[in-house]
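Each chain, written out:
4 protein chains.
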Amino acid sequence: MNRIKIPIILVNFKTYAEATGKNAVRLSKTAEEVSQETGVNISVAPQLADLKSVCDTVSIPVFAQHIDPILPGSSTGHVLLESVKEAGAIGTLINHSERRLKLSAIEAIITRTRDANMISVVCTNNAAVSEATAALKPDIVSLEPPELIGTGIPVSKSRPEVVTETVALVRHVNPCVVTLCGAGITKGEDVAAALKLGTKGVLVASGIVKAKDPRKVFMEFAEAVLSTE
Amino acid sequence: MNRIKIPIILVNFKTYAEATGKNAVRLSKTAEEVSQETGVNISVAPQLADLKSVCDTVSIPVFAQHIDPILPGSSTGHVLLESVKEAGAIGTLINHSERRLKLSAIEAIITRTRDANMISVVCTNNAAVSEATAALKPDIVSLEPPELIGTGIPVSKSRPEVVTETVALVRHVNPCVVTLCGAGITKGEDVAAALKLGTKGVLVASGIVKAKDPRKVFMEFAEAVLSTE
Amino acid sequence: MNRIKIPIILVNFKTYAEATGKNAVRLSKTAEEVSQETGVNISVAPQLADLKSVCDTVSIPVFAQHIDPILPGSSTGHVLLESVKEAGAIGTLINHSERRLKLSAIEAIITRTRDANMISVVCTNNAAVSEATAALKPDIVSLEPPELIGTGIPVSKSRPEVVTETVALVRHVNPCVVTLCGAGITKGEDVAAALKLGTKGVLVASGIVKAKDPRKVFMEFAEAVLSTE
Amino acid sequence: MNRIKIPIILVNFKTYAEATGKNAVRLSKTAEEVSQETGVNISVAPQLADLKSVCDTVSIPVFAQHIDPILPGSSTGHVLLESVKEAGAIGTLINHSERRLKLSAIEAIITRTRDANMISVVCTNNAAVSEATAALKPDIVSLEPPELIGTGIPVSKSRPEVVTETVALVRHVNPCVVTLCGAGITKGEDVAAALKLGTKGVLVASGIVKAKDPRKVFMEFAEAVLSTE
Numbered sequence: 033m034n035r036i037k038i039p040i041i042l043v044n045f046k047t048y049a050e051a052t053g054k055n056a057v058r059l060s061k062t063a064e065e066v067s068q069e070t071g072v073n074i075s076v077a078p079q080l081a082d083l084k085s086v087c088d089t090v091s092i093p094v095f096a097q098h099i100d101p102i103l104p105g106s107s108t109g110h111v112l113l114e115s116v117k118e119a120g121a122i123g124t125l126i127n128h129s130e131r132r133l134k135l136s137a138i139e140a141i142i143t144r145t146r147d148a149n150m151i152s153v154v155c156t157n158n159a160a161v162s163e164a165t166a167a168l169k170p171d172i173v174s175l176e177p178p179e180l181i182g183t184g185i186p187v188s189k190s191r192p193e194v195v196t197e198t199v200a201l202v203r204h205v206n207p208c209v210v211t212l213c214g215a216g217i218t219k220g221e222d223v224a225a226a227l228k229l230g231t232k233g234v235l236v237a238s239g240i241v242k243a244k245d246p247r248k249v250f251m252e253f254a255e256a257v258l259s260t261e
Numbered sequence: 033m034n035r036i037k038i039p040i041i042l043v044n045f046k047t048y049a050e051a052t053g054k055n056a057v058r059l060s061k062t063a064e065e066v067s068q069e070t071g072v073n074i075s076v077a078p079q080l081a082d083l084k085s086v087c088d089t090v091s092i093p094v095f096a097q098h099i100d101p102i103l104p105g106s107s108t109g110h111v112l113l114e115s116v117k118e119a120g121a122i123g124t125l126i127n128h129s130e131r132r133l134k135l136s137a138i139e140a141i142i143t144r145t146r147d148a149n150m151i152s153v154v155c156t157n158n159a160a161v162s163e164a165t166a167a168l169k170p171d172i173v174s175l176e177p178p179e180l181i182g183t184g185i186p187v188s189k190s191r192p193e194v195v196t197e198t199v200a201l202v203r204h205v206n207p208c209v210v211t212l213c214g215a216g217i218t219k220g221e222d223v224a225a226a227l228k229l230g231t232k233g234v235l236v237a238s239g240i241v242k243a244k245d246p247r248k249v250f251m252e253f254a255e256a257v258l259s260t261e
Numbered sequence: 033m034n035r036i037k038i039p040i041i042l043v044n045f046k047t048y049a050e051a052t053g054k055n056a057v058r059l060s061k062t063a064e065e066v067s068q069e070t071g072v073n074i075s076v077a078p079q080l081a082d083l084k085s086v087c088d089t090v091s092i093p094v095f096a097q098h099i100d101p102i103l104p105g106s107s108t109g110h111v112l113l114e115s116v117k118e119a120g121a122i123g124t125l126i127n128h129s130e131r132r133l134k135l136s137a138i139e140a141i142i143t144r145t146r147d148a149n150m151i152s153v154v155c156t157n158n159a160a161v162s163e164a165t166a167a168l169k170p171d172i173v174s175l176e177p178p179e180l181i182g183t184g185i186p187v188s189k190s191r192p193e194v195v196t197e198t199v200a201l202v203r204h205v206n207p208c209v210v211t212l213c214g215a216g217i218t219k220g221e222d223v224a225a226a227l228k229l230g231t232k233g234v235l236v237a238s239g240i241v242k243a244k245d246p247r248k249v250f251m252e253f254a255e256a257v258l259s260t261e
Numbered sequence: 033m034n035r036i037k038i039p040i041i042l043v044n045f046k047t048y049a050e051a052t053g054k055n056a057v058r059l060s061k062t063a064e065e066v067s068q069e070t071g072v073n074i075s076v077a078p079q080l081a082d083l084k085s086v087c088d089t090v091s092i093p094v095f096a097q098h099i100d101p102i103l104p105g106s107s108t109g110h111v112l113l114e115s116v117k118e119a120g121a122i123g124t125l126i127n128h129s130e131r132r133l134k135l136s137a138i139e140a141i142i143t144r145t146r147d148a149n150m151i152s153v154v155c156t157n158n159a160a161v162s163e164a165t166a167a168l169k170p171d172i173v174s175l176e177p178p179e180l181i182g183t184g185i186p187v188s189k190s191r192p193e194v195v196t197e198t199v200a201l202v203r204h205v206n207p208c209v210v211t212l213c214g215a216g217i218t219k220g221e222d223v224a225a226a227l228k229l230g231t232k233g234v235l236v237a238s239g240i241v242k243a244k245d246p247r248k249v250f251m252e253f254a255e256a257v258l259s260t261e
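Residue numbers (the working numbering), protein chains in the order written: chain A, 33 to 261; chain B, 33 to 261; chain C, 33 to 261; chain D, 33 to 261.
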């Protein structure tokens, strides 16, 4: 996993109005500015229809939010790896809690991303699922207890033992797999807590996208990363 | 339905390699050229990651291949109407045989497109489903018997009675709904046959995308349209 | 639709513990007793694993909660019409809000039930979907606004205009299709209100299954039916 | 895994007409007779609507074909663990290739079966997925390459290296997890080959259900098991 710099702050734009279309490009620029100022890796995952605009505008790493386990062909309305790669994405989220996938599909997508030299970020809901996922050799496992998503209750502070267990299990199965955590991350101290628990960064959405001043929150997150190094 | 010119030749790019990324833009330009030369409405439905590039390049109508029945918010990996509209799409395919949807989702998506002044093209698999769909008041119903898709056996010639029945049922339920047909359309005579059966055009994919010379097939289709007027 | 006596009180056992296994058989017996005492048609829809026990025990009509659009063959873990018919079910719920189906599946299942001389009860979420469903010629359409299910706020009293509109639309599309309504039905007056709005009965679940004294509620419902005749 | 006797011949009845209703009971009796005559563990997985009849008739282990990751409550048309347990099933198939599940659902179902002291048999499509599944600590992993199902080309003879790799990976992750294999098993020698590769039995469907003389095939399979001990 030397294809991406860690620690990483990965921002999922979901389908928020504040991160759709022109707003997606603007928010990505803010991410890029803070990343360049601080040297911290900030990456973004915009919607598919915004992927190319964002990739054409910024130089930070851009991820898709989802791809399907398909090859080029007859799959109307599905997401082809080649389409997001040509648009400029360097990787993709897989199995987000809002887009859960079948086990066989997760395995197939991880294999496809590996063959295409793209980065796979598989979201998981607990320690056991994280351990199983690690066996599939993705680049990154991101633990996100679904019940905390969007709550402002940070997983890194409310469930530290689950994060610690996940980090240990993933490392045991495959030391090359990086662990992130997400859900409820809104403050710099949540990011710092996540790193202290052994993760290599956070997956965040509303904490940035819905913030009154996203730049300020980006800075706070980046400083938290720098302070723990 | 005076928001789109009929008859229409609507090309579904699916996830074909020949219609992904740069290829999608090039094929769309060919469609535009033939449309401008002949005056026949040719529209395209590229993949999501290519939607904005295509919309930014050509002036013919561009459709999404799918949208989800969601509002802006927390729907990672799903397709938001607002994202495809801002990218430049004027409408969307719904319920393609490769992306079948729940009945309640189809109704919700049609309502969303209507509220957003976008054009809804609902794909159906037989006459009964077409009749039910027409009751939901989409702009367009496109009959595509799944067993004929990609076969080169044109629905308009092998199943004329199903097309005729569909046109009649849809018209009876709601005279404002336009009927197209698709599946197996590869020649100008297939297009002419479709129009003679009462449809207002065709939904085509491999017949164009996989053709050795797409421009030639586009011309043949356009001439078939002109010859039946 | 002279295969089933109307008005009908149709009880969906869902997967409630109070209506699983032996409890399902006992609740069905109570339904049968009240039905025999009052002459009102009370029918039950237990879980699949309880279907045969219930059918073997009571003589009232028994419905499945779901079947899949499949033919006999290789469909592990799916529900075959022939299996529920041989177990003794006379019909099936289709497209319940907790088990929404694709439009093409709904049409295929209705066709299968018709061919097997079984009764199809398609659940719908609003008037537009009910109208579309009626075009597919099921025996029964049951309107259940999902936001009211399990609330105790009866659709027949809180949304009378939606019920009236649904009854009118369904009748207009196909006068042979019977309309029921459900969601929030807990009292006799809710049943009476439903019948006065033009429905031919109710689909009820927690109102009966979760009642302290289901027999008492059954009696109240039956008397409401008798009082409106 | 001392809750079930190994080696095991586990017969999936799918939704075959030959194994529906009365036929399911009859085939289960044949399985029981051969099991009693030979002392080999033969278990059956009938459809849900037949589960109780089969459990009431035979004393061999009976499995469900699928359960859903739900608790008692509002899940119309879904399969509740408690319902199949009360009907007499001692375990369930999970994630069959014809009923693939989300990773999070597989984990939740395994946990539910463990808490209920039921046996979990998770089907997998390749070695990598089997390894990941083993990390979830089911009782049994059953490798079934989907492309061989129903072909008569036995996985144990055409893909011995995949079977061997799966057995090794599963054992490495968790020595308590038993590995079976399936797909294309029609002869005693296929069963013997499976056991020699390190599996503890086979998951079979059409090889038994579609056989002209299922008793004869059962005997052949049982003798193959005995010959390898």
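Since the hints were made in silico from the structure, they are not lab data.
A portion of the hints provided could be inaccurate.
Note that identical chains are pooled: a pair holds if it fits in a single copy or bridges any two copies.
Only pairs whose alpha carbons sit at most 20 Å apart, straight line, appear in this in silico EDC-like list of lysine to aspartate or glutamate [said to hold, decoys possible]:
id: 1; residue 1: Lys-242; residue 2: Asp-88
id: 2; residue 1: Lys-134; residue 2: Asp-245
id: 3; residue 1: Lys-169; residue 2: Glu-197
id: 4; residue 1: Lys-242; residue 2: Glu-64
id: 5; residue 1: Lys-54; residue 2: Glu-114
id: 6; residue 1: Lys-242; residue 2: Glu-114
id: 7; residue 1: Lys-242; residue 2: Glu-261
id: 8; residue 1: Lys-232; residue 2: Glu-255
id: 9; residue 1: Lys-134; residue 2: Glu-193
Hint check results:
1. For the identical chains of this complex, Lys-242 and Asp-88 are neighbours neither inside a copy (24 Å) nor across copies (29 Å), given an alpha-carbon limit of 20 Å.
2. In this assembly of identical chains, Lys-134 and Asp-245 lie within 20 Å of each other by CA distance neither inside one copy nor across copies; the values are 37 Å within and 37 Å between.
3. When the C-alpha separation of Lys-169 and Glu-197 is checked against a cutoff of 20 Å, the pair qualifies both within a copy, at 18 Å, and between copies, at 16 Å.
4. Taking the closest pair of Cα atoms, Lys-242 and Glu-64 come within 20 Å of each other only inside a single copy of the chain (18 Å); across copies the shortest separation is 40 Å, beyond that limit.
5. For the identical chains of this complex, Lys-54 and Glu-114 are inter-copy neighbours only, at 11 Å across copies versus 24 Å inside a copy, given an alpha-carbon limit of 20 Å.
6. In the homo-oligomer, the alpha carbons of Lys-242 and Glu-114 lie at most 20 Å apart only across protomers (18 Å), although the nearest pairing inside one protomer, at 31 Å, exceeds that limit.
7. For the identical chains of this complex, Lys-242 and Glu-261 are neighbours neither inside a copy (28 Å) nor across copies (54 Å), given an alpha-carbon limit of 20 Å.
8. Taking CA atoms no more than 20 Å apart as the test, Lys-232 paired with Glu-255 passes inside one copy only; the shortest distance there is 15 Å, against 55 Å between copies.
9. Proximity of Lys-134 and Glu-193 under a CA criterion of 20 Å is satisfied in neither setting, with 27 Å inside one chain copy and 25 Å between copies.
Of the numbered hints given earlier, the model fails hints 1, 2, 7, 9; all others are met.
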